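A.B. asks: Chain by chain, the residues:
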Amino acid sequence: DTGVSQDPRHKITKRGQNVTFRCDPISEHNRLYWYRQTLGQGPEFLTYFQNEAQLEKSRLLSDRFSAERPKGSFSTLEIQRTEQGDSAMYLCASSAKSHEQFFGPGTRLTVL
Amino acid sequence: AQSVAQPEDQVNVAEGNPLTVKCTYSVSGNPYLFWYVQYPNRGLQFLLKYITGDNLVKGSYGFEAEFNKSQTSFHLKKPSALVSDSALYFCAVRDSGAGSYQLTFGKGTKLSVIP
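If you're matching them up, the sequences are chains B and D in order. Under the working numbering, the first sequence has 24 at position 24, and the numbering climbs by one with no breaks. Under the working numbering, the second sequence has 1111 at position 111, and the numbering climbs by one with no breaks.
Only chain D is shown next, with the shape it has when bound in the complex:
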């Protein structure tokens, strides 16, 4: 079975400060990892993914994430937060060896960037 944990329901950060949104995962095989962002009353927007290769992946809007296999983590980061980054962020995982295409999502982390 595959699962994702986002340990923080909410993260508050001052505008211009670096931000981190945490994600840990559990899969039987190798993970495919994803971050999505959801704005109010809108669908999920894809930010970035880790499939294989470099542990640091870069995505949309200046976001990046670091894959850490030993800690089974895939934390989302941004060097300088913007007020417009305030939204709900979801981490998702798929087990590459399970023969399944379904994504398992975390419960989400609400990011608030304070002006």
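Looking at chain B on its own, in the form it has when it is part of the complex:
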């Protein structure tokens, strides 16, 4: 299967620790997106890359959050000094020239 993959699938951390998530998009897709989903809500947009350029950032993305896509392939999302409010499912998606975005399985973060 060559869908979007995310690692890890689950992460439990203590408040104040840093965490990093990885996303591998579908290989021919040049666009990559990060979303956050909390219980009972739809996904909320965080940021978007076209190739290695980060072109959009939501105001949800505080200065504790940083995302990179250094070679235009995989991407990482880092959260520094985690807070309990950061507990959520972090979803990665990718797309090509077609408009639909294809989502990975997500990384569930629990901050204790």
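Hints in this document: simulated from the structure, not taken from any laboratory. Please note that the accuracy of each hint is not assured.
Unchecked claim - A short list of chain B residues far from chain D (calculated; beta carbon distances all over 10 Å):
no. : residue
1   : G16
2   : E28
3   : S95
4   : H99
5   : T110
What the hints assert, rightly or not - Here are the computed lysine to any residue pairs in the SDA-like style, where the Cα-Cα straight-line distance is at most 25 Å:
no. : chain 1 : residue 1 : chain 2 : residue 2
6   : B       : K97       : D       : N1041
7   : D       : K1107     : B       : D86
8   : B       : K57       : D       : Q1045
9   : B       : K97       : D       : S1100
10  : D       : K1107     : B       : F102
11  : D       : K1058     : B       : I26
12  : D       : K1110     : B       : I26
13  : B       : K57       : D       : D1095
14  : D       : K1077     : B       : F102
15  : D       : K1049     : B       : L55
16  : D       : K1022     : B       : L39
17  : D       : K1110     : B       : H29
18  : D       : K1107     : B       : S87
19  : D       : K1022     : B       : E44
20  : D       : K1107     : B       : E100
21  : B       : K11       : D       : N1041
22  : B       : K97       : D       : S1096
23  : D       : K1069     : B       : R9
24  : D       : K1110     : B       : L39
25  : B       : K11       : D       : Y1039
26  : D       : K1022     : B       : E100
27  : D       : K1049     : B       : H99
28  : B       : K97       : D       : E1064
29  : D       : K1110     : B       : E44
30  : B       : K97       : D       : G1059
31  : B       : K57       : D       : Q1102
32  : D       : K1058     : B       : E100
33  : B       : K11       : D       : K1058
34  : D       : K1058     : B       : H29
35  : D       : K1069     : D       : L1082
36  : B       : K97       : D       : F1046
37  : B       : K97       : D       : D1095
38  : D       : K1049     : B       : G40
39  : D       : K1049     : B       : S87
40  : B       : K97       : D       : G1097
A quick note: this is a predicted structure, and the numbers were derived from the prediction, not measured. All C-beta atoms in this analysis are idealised placements derived from N, C-alpha and C, irrespective of residue type, glycine included.
Got chain B; can you put chain D on it based on the hints?
C.D. replies: For chain D alone, coordinates are given in the frame of chain B:
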């Protein structure tokens, strides 16, 4: 700004009956509209999209949706529901004229198909 409303938190339908999951949207320009389905502990799966052209679009697993510009709606439909259709359904919109690729999602509608 773009937004989506899914007015029903839950829809219950008997197996074999037609189903409808409602979605209304708001954008400044022309909308690109999408439906996704989410099964427990899994990511979102793309079902169908409206970009331009025919107002009735067909997608995966026998689902279809009708774009209604005057009512700013994009309701998801299926003629005959299956128990396996039970899941969480999300409507999403992107404003084609905003120069942005971000999707805005509704809160989701839980569909329960009763045997």
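A.B. asks: Against each hint, give a clear statement of whether it holds in the structure.
C.D. replies: We went through each hint and held it up to the structure:
The Cβ of G16 (chain B) lies farther than 10 Å from every Cβ of chain D, with a closest approach of about 28 Å, so its non-interface assignment holds. Annotated as non-interface, E28 (chain B) keeps its C-beta farther than 10 Å from every C-beta of chain D; the closest such distance is 16 Å. At roughly 8 Å, the least C-beta separation between S95 (chain B) and chain D is not larger than 10 Å, which violates its mark as non-interface. A cut-off of 10 Å between C-beta atoms contradicts the statement that H99 (chain B) is not in contact with chain D; the least separation is 5 Å.
The Cβ of T110 (chain B) sits about 14 Å from the closest Cβ of chain D, beyond the 10 Å cut-off, so the non-interface label holds. For the hint pairing K97 (chain B) with N1041 (chain D), the CA-to-CA distance comes to about 28 Å; that exceeds 25 Å, so the pair is violated. Our distance criterion of 25 Å between C-alpha atoms is met by K1107 (chain D) and D86 (chain B), whose separation comes to about 19 Å. For the proposed pair K57 (chain B) and Q1045 (chain D), the alpha carbon gap of about 24 Å is at most 25 Å, so the pair holds.
This hinted pair checks out: K97 (chain B) and S1100 (chain D) have alpha carbons roughly 14 Å apart, not beyond 25 Å. Simply put, K1107 (chain D) and F102 (chain B) have alpha-carbon atoms about 19 Å apart, close enough for the 25 Å limit, and the pair holds. With a C-alpha separation of about 24 Å, the suggested pairing of K1058 (chain D) with I26 (chain B) holds against the 25 Å cut-off. Only pairs whose Cα atoms come within 25 Å are accepted, and K1110 (chain D) paired with I26 (chain B) is rejected, the gap being roughly 28 Å.
Of the pairs offered as hints, the one joining K57 (chain B) and D1095 (chain D) holds, with about 16 Å between alpha carbons and a cut-off of 25 Å not exceeded. In summary, the hint linking K1077 (chain D) to F102 (chain B) is supported, as the alpha carbons are separated by about 21 Å, within the 25 Å threshold. Our distance criterion of 25 Å between C-alpha atoms is met by K1049 (chain D) and L55 (chain B), whose separation comes to about 24 Å. Proximity of K1022 (chain D) to L39 (chain B) is assessed by CA-CA distance (about 20 Å); at most 25 Å being required, the pair is judged to hold.
Annotation: proposed proximity of K1110 (chain D) to H29 (chain B) is violated, straight-line Cα distance about 30 Å (limit 25 Å). A hinted pair counts as satisfied when its Cα atoms are at most 25 Å apart, and K1107 (chain D) with S87 (chain B) qualifies at roughly 18 Å. For the given pair, K1022 (chain D) sits about 20 Å from E44 (chain B) by alpha-carbon distance, which is consistent with the 25 Å threshold. Among the hinted pairs, K1107 (chain D) with E100 (chain B) is consistent with the structure: their alpha-carbon atoms are about 19 Å apart, no more than 25 Å.
Between the alpha carbons of K11 (chain B) and N1041 (chain D) the distance comes to roughly 14 Å, so the proposed pair stays at or under 25 Å and holds. Between K97 (chain B) and S1096 (chain D) the alpha-carbon distance is near 14 Å, which keeps this suggested pair within the 25 Å criterion. For the proposed pair K1069 (chain D) and R9 (chain B), the alpha carbon gap of about 39 Å is over 25 Å, so the pair is violated. Taking the CA atoms of K1110 (chain D) and L39 (chain B), the gap is near 13 Å; set against the 25 Å cutoff, the hint holds.
Between K11 (chain B) and Y1039 (chain D) the CA atoms are separated by roughly 20 Å; this keeps the pair inside 25 Å, and the hint holds. Distance hint between K1022 (chain D) and E100 (chain B) is fulfilled; the C-alpha atoms sit about 20 Å from each other, no more than 25 Å. Of the supplied pair hints, the one linking K1049 (chain D) and H99 (chain B) holds, its CA atoms being roughly 8 Å apart against a limit of 25 Å. A distance of roughly 23 Å separates the Cα atoms of K97 (chain B) and E1064 (chain D); the hinted pair therefore holds under the 25 Å criterion.
Distance hint between K1110 (chain D) and E44 (chain B) is fulfilled; the C-alpha atoms sit about 18 Å from each other, no more than 25 Å. Between K97 (chain B) and G1059 (chain D) the CA atoms are separated by roughly 19 Å; this keeps the pair inside 25 Å, and the hint holds. For a cut-off of 25 Å, the pair hint linking K57 (chain B) to Q1102 (chain D) stands: about 10 Å separates their Cα positions. At most 25 Å may separate the alpha-carbon atoms for a hinted pair to count; K1058 (chain D) and E100 (chain B) meet this at roughly 14 Å.
A distance of roughly 38 Å separates the Cα atoms of K11 (chain B) and K1058 (chain D); the hinted pair therefore is violated under the 25 Å criterion. Taken as a hint, the K1058 (chain D) and H29 (chain B) pair is honoured in the structure, with Cα atoms around 24 Å apart against an allowance of 25 Å. For the given pair, K1069 (chain D) sits about 29 Å from L1082 (chain D) by alpha-carbon distance, which is inconsistent with the 25 Å threshold. Under the criterion of a C-alpha separation no larger than 25 Å, the hint pairing K97 (chain B) with F1046 (chain D) is consistent with the structure, at around 15 Å.
Of the supplied pair hints, the one linking K97 (chain B) and D1095 (chain D) holds, its CA atoms being roughly 16 Å apart against a limit of 25 Å. The hinted pair formed by K1049 (chain D) and G40 (chain B) meets the criterion: a straight-line CA distance of about 23 Å does not exceed 25 Å. Only pairs whose Cα atoms come within 25 Å are accepted, and K1049 (chain D) paired with S87 (chain B) is rejected, the gap being roughly 30 Å. At most 25 Å may separate the alpha-carbon atoms for a hinted pair to count; K97 (chain B) and G1097 (chain D) meet this at roughly 16 Å.
Going down the numbered hints, you'll see the structure goes against 3, 4, 6, 12, 17, 23, 33, 35 and 39, while the others check out.
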